[in-house]
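With chain A held as given, fit chain B onto it using these hints.
Protein chains: 2
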Amino acid sequence: MDKYLSARSALITEERKSRRDTIRIANASEEELQAEQIVRNLRKSETASIWSTEHEGIGNVFPGMEFLTARAVITKTRLFQLLCKMPKGALLHSHLDAMVNANYLINLALEQPAMHVRVNTRLTEESLGSVHPEFRPLTPHEYTNIKSLTSDKYELGAWVPIRSARAHFATSLGGPEGFDQWVFNALTINPTEAYVTHNTVKKIWNKFRTTFMVSTPLIRFVPIWSNYIREFFRTLIEDGVSYVEPRVNFWHKFMVGEDGEENVPHRQWIILFGQVLDEIKTQMKTQGKTDEFIGARIIYSTIRNVTCEELEWYLEDCISLKLEFPHLIAGFDLVGDENVLQPLIYYIRPLLRFQERQKELGIDIPFIFHAGETLGDGDAPDMNLFDAILLGSKRIGHGFSLAKHPKLIEICKERGVTVEVCPISNEILRLSSSMPAHPLPVLLNNGVPVALCSDDPSVFGNMGLSYDFFQVSFDFYVLVASEVTGLITLGDIARQSIESSTLDETEKAQALFSWGRKWDAFVKSIADGSTGIEREIASTDGFPII
Amino acid sequence: MDKYLSARSALITEERKSRRDTIRIANASEEELQAEQIVRNLRKSETASIWSTEHEGIGNVFPGMEFLTARAVITKTRLFQLLCKMPKGALLHSHLDAMVNANYLINLALEQPAMHVRVNTRLTEESLGSVHPEFRPLTPHEYTNIKSLTSDKYELGAWVPIRSARAHFATSLGGPEGFDQWVFNALTINPTEAYVTHNTVKKIWNKFRTTFMVSTPLIRFVPIWSNYIREFFRTLIEDGVSYVEPRVNFWHKFMVGEDGEENVPHRQWIILFGQVLDEIKTQMKTQGKTDEFIGARIIYSTIRNVTCEELEWYLEDCISLKLEFPHLIAGFDLVGDENVLQPLIYYIRPLLRFQERQKELGIDIPFIFHAGETLGDGDAPDMNLFDAILLGSKRIGHGFSLAKHPKLIEICKERGVTVEVCPISNEILRLSSSMPAHPLPVLLNNGVPVALCSDDPSVFGNMGLSYDFFQVSFDFYVLVASEVTGLITLGDIARQSIESSTLDETEKAQALFSWGRKWDAFVKSIADGSTGIEREIASTDGFPII
Numbered sequence: 001m002d003k004y005l006s007a008r009s010a011l012i013t014e015e016r017k018s019r020r021d022t023i024r025i026a027n028a029s030e031e032e033l034q035a036e037q038i039v040r041n042l043r044k045s046e047t048a049s050i051w052s053t054e055h056e057g058i059g060n061v062f063p064g065m066e067f068l069t070a071r072a073v074i075t076k077t078r079l080f081q082l083l084c085k086m087p088k089g090a091l092l093h094s095h096l097d098a099m100v101n102a103n104y105l106i107n108l109a110l111e112q113p114a115m116h117v118r119v120n121t122r123l124t125e126e127s128l129g130s131v132h133p134e135f136r137p138l139t140p141h142e143y144t145n146i147k148s149l150t151s152d153k154y155e156l157g158a159w160v161p162i163r164s165a166r167a168h169f170a171t172s173l174g175g176p177e178g179f180d181q182w183v184f185n186a187l188t189i190n191p192t193e194a195y196v197t198h199n200t201v202k203k204i205w206n207k208f209r210t211t212f213m214v215s216t217p218l219i220r221f222v223p224i225w226s227n228y229i230r231e232f233f234r235t236l237i238e239d240g241v242s243y244v245e246p247r248v249n250f251w252h253k254f255m256v257g258e259d260g261e262e263n264v265p266h267r268q269w270i271i272l273f274g275q276v277l278d279e280i281k282t283q284m285k286t287q288g289k290t291d292e293f294i295g296a297r298i299i300y301s302t303i304r305n306v307t308c309e310e311l312e313w314y315l316e317d318c319i320s321l322k323l324e325f326p327h328l329i330a331g332f333d334l335v336g337d338e339n340v341l342q343p344l345i346y347y348i349r350p351l352l353r354f355q356e357r358q359k360e361l362g363i364d365i366p367f368i369f370h371a372g373e374t375l376g377d378g379d380a381p382d383m384n385l386f387d388a389i390l391l392g393s394k395r396i397g398h399g400f401s402l403a404k405h406p407k408l409i410e411i412c413k414e415r416g417v418t419v420e421v422c423p424i425s426n427e428i429l430r431l432s433s434s435m436p437a438h439p440l441p442v443l444l445n446n447g448v449p450v451a452l453c454s455d456d457p458s459v460f461g462n463m464g465l466s467y468d469f470f471q472v473s474f475d476f477y478v479l480v481a482s483e484v485t486g487l488i489t490l491g492d493i494a495r496q497s498i499e500s501s502t503l504d505e506t507e508k509a510q511a512l513f514s515w516g517r518k519w520d521a522f523v524k525s526i527a528d529g530s531t532g533i534e535r536e537i538a539s540t541d542g543f544p545i546i
Numbered sequence: 001m002d003k004y005l006s007a008r009s010a011l012i013t014e015e016r017k018s019r020r021d022t023i024r025i026a027n028a029s030e031e032e033l034q035a036e037q038i039v040r041n042l043r044k045s046e047t048a049s050i051w052s053t054e055h056e057g058i059g060n061v062f063p064g065m066e067f068l069t070a071r072a073v074i075t076k077t078r079l080f081q082l083l084c085k086m087p088k089g090a091l092l093h094s095h096l097d098a099m100v101n102a103n104y105l106i107n108l109a110l111e112q113p114a115m116h117v118r119v120n121t122r123l124t125e126e127s128l129g130s131v132h133p134e135f136r137p138l139t140p141h142e143y144t145n146i147k148s149l150t151s152d153k154y155e156l157g158a159w160v161p162i163r164s165a166r167a168h169f170a171t172s173l174g175g176p177e178g179f180d181q182w183v184f185n186a187l188t189i190n191p192t193e194a195y196v197t198h199n200t201v202k203k204i205w206n207k208f209r210t211t212f213m214v215s216t217p218l219i220r221f222v223p224i225w226s227n228y229i230r231e232f233f234r235t236l237i238e239d240g241v242s243y244v245e246p247r248v249n250f251w252h253k254f255m256v257g258e259d260g261e262e263n264v265p266h267r268q269w270i271i272l273f274g275q276v277l278d279e280i281k282t283q284m285k286t287q288g289k290t291d292e293f294i295g296a297r298i299i300y301s302t303i304r305n306v307t308c309e310e311l312e313w314y315l316e317d318c319i320s321l322k323l324e325f326p327h328l329i330a331g332f333d334l335v336g337d338e339n340v341l342q343p344l345i346y347y348i349r350p351l352l353r354f355q356e357r358q359k360e361l362g363i364d365i366p367f368i369f370h371a372g373e374t375l376g377d378g379d380a381p382d383m384n385l386f387d388a389i390l391l392g393s394k395r396i397g398h399g400f401s402l403a404k405h406p407k408l409i410e411i412c413k414e415r416g417v418t419v420e421v422c423p424i425s426n427e428i429l430r431l432s433s434s435m436p437a438h439p440l441p442v443l444l445n446n447g448v449p450v451a452l453c454s455d456d457p458s459v460f461g462n463m464g465l466s467y468d469f470f471q472v473s474f475d476f477y478v479l480v481a482s483e484v485t486g487l488i489t490l491g492d493i494a495r496q497s498i499e500s501s502t503l504d505e506t507e508k509a510q511a512l513f514s515w516g517r518k519w520d521a522f523v524k525s526i527a528d529g530s531t532g533i534e535r536e537i538a539s540t541d542g543f544p545i546i
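Line by line, the protein sequences are chains A and B. At position 266 of the first sequence (counting the first as 1) the number is 266 in the UniProt record's numbering, and the numbers step up by one without a gap. At position 135 of the second sequence (counting the first as 1) the number is 135 in the UniProt record's numbering, and the numbers step up by one without a gap.
Just so you know, not all the hints are guaranteed correct.
No copy labels: a pair is met if it fits in one copy or bridges any two.
[As the list claims (entries may be wrong)] Taking lysine-lysine and the DSBU-like style, the derived pairs with C-alpha atoms no more than 30 Å apart in a straight line are:
1) 17 to 407
2) 17 to 44
3) 413 to 17
4) 253 to 359
5) 285 to 153
6) 147 to 285
Because the hints were derived from the structure by calculation, they are not lab data.
Same shape as in the complex, but just chain A (with noise of 0.2 Å):
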């Protein structure tokens, strides 16, 4: 008996080994421990409060259950209200295109005269859901005065004036209100798309598509561009992210000026978020707050629909950008849904030039490819890992179906290539149907480095990092409930995040220091009770929730 107490110790020790927290968590101080044995109760009584309790209109509820579902429950529940707080470390696998709430950009937009908007199809109470605005700022030669989309006068495809547009709404869409939410709607995926009318992959990555073509025209406008910047970088800071690399999307080749005008080059796009940045980095510092905010880098992205010789020329482009802001690119990626568009191996001359190019000049601009975000085995996204790997990508984004590659994992986990999980956009794309599905635990098992991701927040409504936190919280190696996991791990992955990100050496090492002095704190925090959270536990037969 007592042979096979301890064999079976082994066994779970040897196991446990191969994990990257496991030093972490033998090494974890006394404050840690009161802090993670506090947020595990919490977990375990909201479990029983909240998570195994009928939600009125909600269904079937689990923690870690589908995230548009759950949304309202988590947003109440104390973990998440905690997990706000936390440091999160580095925001690794972000779309800037799909980062700033959907409804501040309506009303970045409802600023702007230049702005005007149209549809080809006639708006109804049926069509309401189908027809998207096209929208499109004009030279001031340009401007209409036509009042009304929704008129019967209207021609279809005329420019209406956002503002004009909003303020005559008709009254059966909704009025103005109708307008901002028909503009929302076409922005973000909801609930009954995910998990009903649009529930497989192929069917939702077209709706994703579609938040897109509505969402760049805005962005891609000057005077909206700074403000956008401004209020990525805010709302991330005060989400708890110190440092994050978006990927931005340069296939169009310019954006439209102050005037109208489609002209604006790519390096004024980074002069304009470098000045957005420095503001930001500034203002942090006056208000002494230089370990929120590190800093941010782009990492240059295309679409994978372009041809060979059209990469070649975002390549070179990117080069320059590199050559001219060394700072301010982090790397180089290809963006779009892997399991309709090419995959990198029919880009491999384009790319493998690319690498012997850097080499001429001495720079470094590491890969960071999506890779592998796909239910498939072996089809063209799930080999573009074996090609992410083989052109060494720094990182690798999603890598959802790594989990299935034992070859690939061990040369990730040899040379510490990161994967970025995005564990919401996972849900709502439909590769995995709730956070228990979700490949991330083989990942973390087989040691992995991992970072948590938000992906495209404002489409998925998971603004910040907190909603992935969360979702991943419920969802770590329990073993037996006197082993300390959970807060730990989460800082853990935090931490690791910094260590993934493209900074160098210095910066690096500064922005851990940064970060461990804001995790000392969040965890004092909690272990000196001075969050409150053991009071609310002690009362939790009354917990208040919806």
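Chain B alone, transformed into the frame defined by chain A:
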């Protein structure tokens, strides 16, 4: 460039080396390669003609989608019809109490004058879905002449002869056919239960449990028992299964005899099982079909809700039966929902003692444990994997969460511990949302031996084993179109199931030889065009479906 391509091909080869079917594919015969290509073409053709189009009333259709919604479509596909003819080897994970079509079981019950039925809640249109029939064979002096379960005069809890209950089932509830449907619904899980109202692991298990409460009193009645087992063998043989190791639940200490007395002991259950088995074998021999059926052996099971003391009784009972019927007892298991009942570690003392006892007696009753049938990571059912492996379990039932454990995967691979994978069961019990989300490829790519199993087909509606083979047939490593996998991999899995059985070496060699003969004939029938698939693929445009 050439250097890149050869590195790429080396990495792919390296990764595939761990798969068990790699050598098999490398040594495939000319006919196998032809058949493989024909089946791949068929799959591709049906993916386009069937699985990418809309089907009235079925919603979002894709290969490997939720089984209960897709079944009507699957049944009509040419691929499914072909797989029905495939020799599938051994069925290694099935629960005897859920192996015969529910309608067939109802008909068996209707033949028995002793069989009575009652309800404890009044049956109305509203209550019909939630009130389950309770069956019991009575002794002749207990027989009643109450006519109807549904008349106003029916006294709740009174026994009604089943035939009379059916004949007088209220017209408002559908009359006799309404009775059949009511019982059928109580014995099976329908799509609304699986995917809407009971859409969590916990809730669907509750429904699942009730089906056994309804069926057990029907099956554990001697006159039905033998007929039930006969139909069990008949339908499996018809579906290409040539050997089976059903789990028989011995939790009830007696079954009801022909006289209505509940006094028939376990050894008698096995004698009757053996008699039907011999009868079928003789019959097959007479018909010159010895290759079609090798035999059957029982995995002795009880429910993991017993105390340690009670378990000792069952373990001793299992030993006595093994001593009396060495060729009919294959192993020992504990059944029931791992999420709520006792974990293996709870029973560690009696289980270790059981192994000691076997050494003393010179017998071998391997453990064949359910373990890891969970979405959890480190919870009790997941930890059962550690104990199953430490206790030397010959195979693992389900092992759904094994994919998360690199060290345990390594051990299973080294020791040849086969995982009994039940794809459709896992999906209906809400572990996987659909086949593409199932962890099977993780096990295959790691080279863990697997057997495909149906688990509880009469409850899940996946009668036979062809549906499970169909569901995974879309889920195989497809790599590039020129590579061969798919049919040959399915064949390799079927062959492995015989290797993983508890047959002794001589029996196994014979079974493999028989299987090989059938496999060759099956492959030949596809390759030589006698199945007519190629003609059908050619005329795919007008493929007739529902």
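Can you give me the call for residue 17 and residue 44, within, between, both or neither, at a CA distance of at most 30 Å? So residue 17 and residue 44 pass the 30 Å test inside one copy only (26 Å; across, 43 Å).
Check residue 253 against residue 359 for me: Cα-Cα at most 30 Å, and say if that holds within a copy, between copies, both or neither. Within one copy, since 26 Å is at most 30 Å while 77 Å is not.
Within, between, both or neither: residue 285, residue 153 at alpha-carbon 30 Å: So residue 285 and residue 153 fail the 30 Å test inside a copy (55 Å) and across (84 Å) alike.
Is it within a copy, between copies, both, or neither that the alpha carbon of residue 147 lies no farther than 30 Å from that of residue 285? neither (46 Å within a copy, 87 Å between copies)
Up to 30 Å between alpha-carbons, please classify residue 413 paired with residue 17: within, between, both or neither. This pair counts as both: shortest intra-copy Cα distance 13 Å, inter-copy 19 Å.
Is it within a copy, between copies, both, or neither that the alpha carbon of residue 17 lies no farther than 30 Å from that of residue 407? The answer is both: 19 Å in one copy and 10 Å across copies each meet 30 Å.
Against the hints set out earlier in the document, violations occur for numbers 5, 6.
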